[in-house]
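A.B. asks: Sequence:
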Amino acid sequence: MGKSIVKIRQFEVDDAELSSQTKGEHTLSIPCKSDPDLCMQLDGWDENTSIPAILDGKDTLLYKQHYDQHQDAWVMKVT
5 MGKSIVKIRQ FEVDDAELSS QTKGEHTLSI PCKSDPDLCM QLDGWDENTS
55 IPAILDGKDT LLYKQHYDQH QDAWVMKVT
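Residues in the sequence shown are numbered from 5 upward in steps of one, following the numbering used here.
These are computed hints drawn from the structure, not numbers from a lab. Computed from a prediction, not measured in an experiment: that's the story for all the values here. Hints should not be assumed to be uniformly reliable.
Unchecked claim - Capping the alpha-carbon separation at 30 angstroms, the derived lysine-lysine pairs in DSSO-like fashion look like this: (1) K68 / K27; (2) K11 / K37; (3) K68 / K11; (4) K81 / K62; (5) K7 / K81; (6) K27 / K62; (7) K11 / K27; (8) K37 / K7; (9) K37 / K68; (10) K62 / K7; (11) K7 / K68; (12) K27 / K37; (13) K11 / K62; (14) K37 / K81; (15) K7 / K27; (16) K37 / K62; (17) K81 / K68; (18) K27 / K81; (19) K81 / K11.
Take the sequences, apply the hints, and build the full model.
C.D. replies: Here you go:
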């Protein structure tokens with residue numbers, strides 16, 4: 005879908021990538037090069053922890069899905 009701005013706590017990333025999957029669920033890819041400190045925070049959370057975020061100006065909850073080693077990015081489920 006394209007580039008998005010996501011804010012999680014004090015962290016803000018302006019080159020996250022929002023995409024949709026075949027089941028209608030959206031995922032958000034957060035590149036670690038954008039904010040290494042945020043990536044370390046995400047690494048410490050589990051898949052069941054909801055993460056309040058602002059995605060393109062809208063309140064949303066994110067859930068950690070997996071780390072993409074090839075892209076060096078965290079992939080999050082958007083709810």
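A.B. asks: Hint by hint, say whether it matches the structure.
C.D. replies: Hint check results:
Distance hint between K68 and K27 is fulfilled; the C-alpha atoms sit about 17 angstroms from each other, no more than 30 angstroms. Annotation: proposed proximity of K11 to K37 holds, straight-line Cα distance about 15 angstroms (limit 30 angstroms). Straight-line distance between C-alpha atoms of K68 and K11 comes to about 15 angstroms, which keeps the hinted pair within the 30 angstroms bound. As the CA atoms of K81 and K62 are separated by approximately 15 angstroms, the hinted pair is consistent with the 30 angstroms bound.
Taking the CA atoms of K7 and K81, the gap is near 16 angstroms; set against the 30 angstroms cutoff, the hint holds. Under the criterion of a C-alpha separation no larger than 30 angstroms, the hint pairing K27 with K62 is consistent with the structure, at around 22 angstroms. Restraint check for K11 and K27: the C-alpha separation of about 25 angstroms stays at or below 30 angstroms, so the hint holds. The suggested pairing of K37 with K7 holds, with an alpha-carbon distance near 15 angstroms, which does not exceed 30 angstroms.
With a C-alpha separation of about 17 angstroms, the suggested pairing of K37 with K68 holds against the 30 angstroms cut-off. Taken as a hint, the K62 and K7 pair is honoured in the structure, with Cα atoms around 15 angstroms apart against an allowance of 30 angstroms. Among the hinted pairs, K7 with K68 is consistent with the structure: their alpha-carbon atoms are about 19 angstroms apart, no more than 30 angstroms. The hinted pair formed by K27 and K37 meets the criterion: a straight-line CA distance of about 29 angstroms does not exceed 30 angstroms.
With a C-alpha separation of about 10 angstroms, the suggested pair K11 and K62 falls inside the 30 angstroms cut-off, and the hint holds. A distance of roughly 20 angstroms separates the Cα atoms of K37 and K81; the hinted pair therefore holds under the 30 angstroms criterion. With a C-alpha separation of about 21 angstroms, the suggested pairing of K7 with K27 holds against the 30 angstroms cut-off. The suggested pairing of K37 with K62 holds, with an alpha-carbon distance near 24 angstroms, which does not exceed 30 angstroms.
The hinted pair formed by K81 and K68 meets the criterion: a straight-line CA distance of about 6 angstroms does not exceed 30 angstroms. A C-alpha spacing of about 12 angstroms is found between K27 and K81, which places the hinted pair at or below 30 angstroms, so the restraint holds. The suggested pairing of K81 with K11 holds, with an alpha-carbon distance near 15 angstroms, which does not exceed 30 angstroms.
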